[in-house]
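Make a model of the complete structure from these sequences and hints.
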Amino acid sequence: MSNLFHLALRSAWNRRLTLALIVAAISLSVVMLLGVERARIAARDAFSQAVSGTDLVVGARTSPVQLVLYAVFHLGEATNNMRWKSYLAIAADPEVAWTIPISLGDSHHGYPTLGTSPDFFGHFKYGRSQPLAVVSGRAFAGVFEAVLGAEVAGDLGYHLGDRIVLTHGAGGIGSIEHADKPFTVVGILGRTGTPVDRTVLVDLASIEAIHLGWQGGAPVPGLAIPPEYVRKFDLTPKTITAMLVGLKHRGMVFRVQRRVNEFPDEPLMAVLPGVALDQLWQVVGIVEKTLLAVSALVAVVGIAGMAAAVLASLNERRRELAILRSVGAGPRHIVALLGIEALLVTGAGAAAGVALLLALSVVLAPVLESRYGLSLAAAAWSTNESLLLAAVVAAGIAAGLLPAYRACRLALADGLTPRI
Amino acid sequence: MATDLLLEACDVSFRWPRAPTPTVETGRFAIAREERIFLYGPSGSGKSTLLGLLGGVLVPQSGTIRMLGRELASMTPAGRDAFRVDHIGFIFQQFNLIPYLSLTDNVLLPCRFSRRRRERAIGPGGALEAEAARLLLELDLPAALHARDVTRLSVGQQQRVAAARALIGRPELVIADEPTSSLDAERQQGFIDLLLAECAASGAALLFVSHDRRLATHFTREVSMDALNHAGIAREEAA
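Chains as they are written, first to last, in the working numbering: chain H, 1 to 420; chain D, 421 to 659.
Warning: the hint list may mix true and false statements.
Sample of chain D residues facing chain H (criterion: CB under 8 Å; computed from the structure) [as the list claims (entries may be wrong)]: (1) R453; (2) G472; (3) M495; (4) A498; (5) D501; (6) A502; (7) R504; (8) V505; (9) F515; (10) N516; (11) P519; (12) P530.
Which bits of chain H does chain D cover? Going by a derived footprint, with three or more residues having C-beta under 8 Å, they are [stated by the list, open to error]: (13) 322-336; (14) 410-417.
Worth flagging that the hints you see were computed from the coordinates, not collected in a lab.
These figures come from a predicted structure and were not determined experimentally.
Beta carbons: idealized from backbone N, C-alpha and C, even for Gly.
Spelled out as structure tokens, the structure:
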């Protein structure tokens with residue numbers, strides 16, 4: 001067998017240019033396959049770590065997925081708001097430890113504006129119960145002060161003291177700007193890898209202030225109130241979009257959930273963020289499965305290329321096979337010879353792919369971490385990845401058996417005198 | 421004489437799949453030990469098929485081929501493969517060598533597949549590479565070439581490497597299938613003389629196949645394919 005291995009190695013070396021290209025194709029498909037798998041896991045982690053420590057998300061009745069989508073990811077629009085009175089009532093529940101109000105509806109250059117209370121900085125947690133960190137400046141303390149998520153500040157190049165203008169609604173053509181009431185950037189948050197990075201945080205009172213004199217989503221003509229007078233008005237909100245609730249004891253979560261769901265004054269709904277996130281991920285999961293399927297197909301293409309190249313070379317190798325037959329090689333030796341070659345090529349492709357992936361992870365990890373909040377832990381080698389890799393090598397050997405079978409047929413038909 | 425018998429084919433008939441008539445049909449054909457036979461026949465006379473049968477690559481539909489007292493058809497295919505390399509060395513018309521191996525590695529190929537050839541090549545206290553080098557030197561291939569790739573050799577040099585491969589480990593029979601047809605006329609006789617001498621030195625019988633009857637000097641016996649193979653005659657008579 002070691003003799004055959006030596007022969008296979010020399011034979012492969014003789015065709016090294018062709019085989020090197022195949023090895024490159026297989027290694028790239030391995031990079032893609034494992035890269036997608038890693039990105040998938042990193043994305044899922046980032047997704048499930050968008051919110052942490054929050055026991056319930058409360059809002060007007062809608063689907064749980066939709067509630068989480070706008071309350072946690074600040075995406076989409078709430079169909080209904082909840083009353084501020086209801087917020088206060090739930091916050092007063094004896095089981096409730098803390099609450100964070102969430103009021104959406106405005107934006108800045110496409111980044112959503114989140115109206116909330118200073119409690120957001122104290123109670124909001126993400127990832128593995130990590131708190132938010134204001135890396136420069138401070139939390140907002142009054143009207144017309146804004147704290148920027150890391151991505152907002154980074155992409156738009158804002159610094160402390162800059163003045164920004166919010167846009168009514170999600171932005172786009174025909175949107176009205178709150179140009180008369182600009183905000184001052186007072187703080188910038190550290191990178192979290194969560195939707196908070198893409199958010200402009202302001203006080204609830206500021207949301208009320210910029211909409212003074214507005215009715216039905218548009219300013220009432222002739223009713224413009226200059227910013228210096230807004231403090232004369234009651235800036236307590238009438239409604240908010242949703243709220244995050246932290247409990248004193250997690251065990252009470254279902255009891256509090258029921259209490260919210262049966263809230264007498266208005267129809268409300270409380271969802272467990274973990275459950276809703278799972279449901280939401282199942283929707284997103286189709287994309288991830290498609291990506292994985294596409295990369296599996298790429299791997300199949302790479303391996304089929306190998307089988308095709310080996311098959312194409314067989315005619316040139318008929319003399320070689322006849323010589324080997326004359327010195328005692330049987331069909332099993334020829335199968336072994338080509339099988340070893342397939343193993344060598346796919347093995348080398350898989351190894352090169354893994355090496356390339358690890359190198360890429362090391363190089364790209366800081367970029368991915370800071371720009372997209374995806375953490376590709378280089379050390380975390382999952383069983384899934386081993387299985388994928390094993391599947392690639394197994395498919396490579398299986399594909400190698402096709403030319404091996406053909407070579408056997410040729411060798412048996414040719415005997416000692418190849419007909420070329 | 422019985423102990424001198426190396427190979428014996430009796431009433432062998434072989435028909436290729438999908439062929440209407442047999443390609444080879446023999447009476448009795450025997451090779452004694454150390455015999456040097458010149459097998460003459462034009463192309464298309466069934467020579468290659470006959471060599472495939474003698475080498476155990478093909479199995480006849482009827483008749484027997486016995487070598488060293490063993491019937492080839494009674495062995496398993498793997499057994500025939502092993503038996504072939506143990507007892508027979510082959511030289512083909514051209515492209516005899518594996519292009520990605522050195523001269524030495526090409527010569528040692530039979531020893532990679534046959535323990536018997538390996539042990540006989542090493543001999544008492546010898547070394548495999550030394551035996552390959554000795555044979556190559558005897559066949560006028562200087563030591564400077566031995567580690568080189570075979571692709572740079574002339575056709576004549578390649579045929580001599582093939583001869584060294586056929587002879588290493590002293591098989592009982594060397595089968596040479598038109599080994600000189602790609603050589604210049606003046607080099608043909610030189611190659612045959614060298615081959616005959618080396619076969620005699622290692623005690624191997626030689627079955628030399630050619631369509632060129634002028635080369636049939638220095639052989640102990642000349643056999644015509646027409647006389648050996650009745651298949652062609654039968655075909656001509658039928659036509």
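To see whether the hints hold, each was checked on the structure:
1. R453: 21 Å, violated
2. G472: 4 Å, holds
3. M495: 12 Å, violated
4. A498: At 5 Å from the nearest chain H Cβ, D:A498 passes the 8 Å test, so the hint holds.
5. D501: At about 4 Å, which falls below the 8 Å cut-off, the nearest Cβ of chain H leaves the hint on D:D501 intact, so it holds.
6. A502: 6 Å, holds
7. R504: Constraint on D:R504 satisfied, holds at 6 Å.
8. V505: Check passed: Cβ of D:V505 comes within 3 Å of chain H, closer than 8 Å.
9. F515: With Cβ-Cβ at 5 Å, under 8 Å, it holds.
10. N516: Since chain H brings a Cβ to about 7 Å from D:N516, closer than 8 Å, the hint holds.
11. P519: 7 Å, holds
12. P530: Holds, about 5 Å.
13. 322-336: holds (count 12)
14. 410-417: holds (count 3)
Checked against the numbered hints given earlier, the structure breaks hints 1, 3 and satisfies all the rest.
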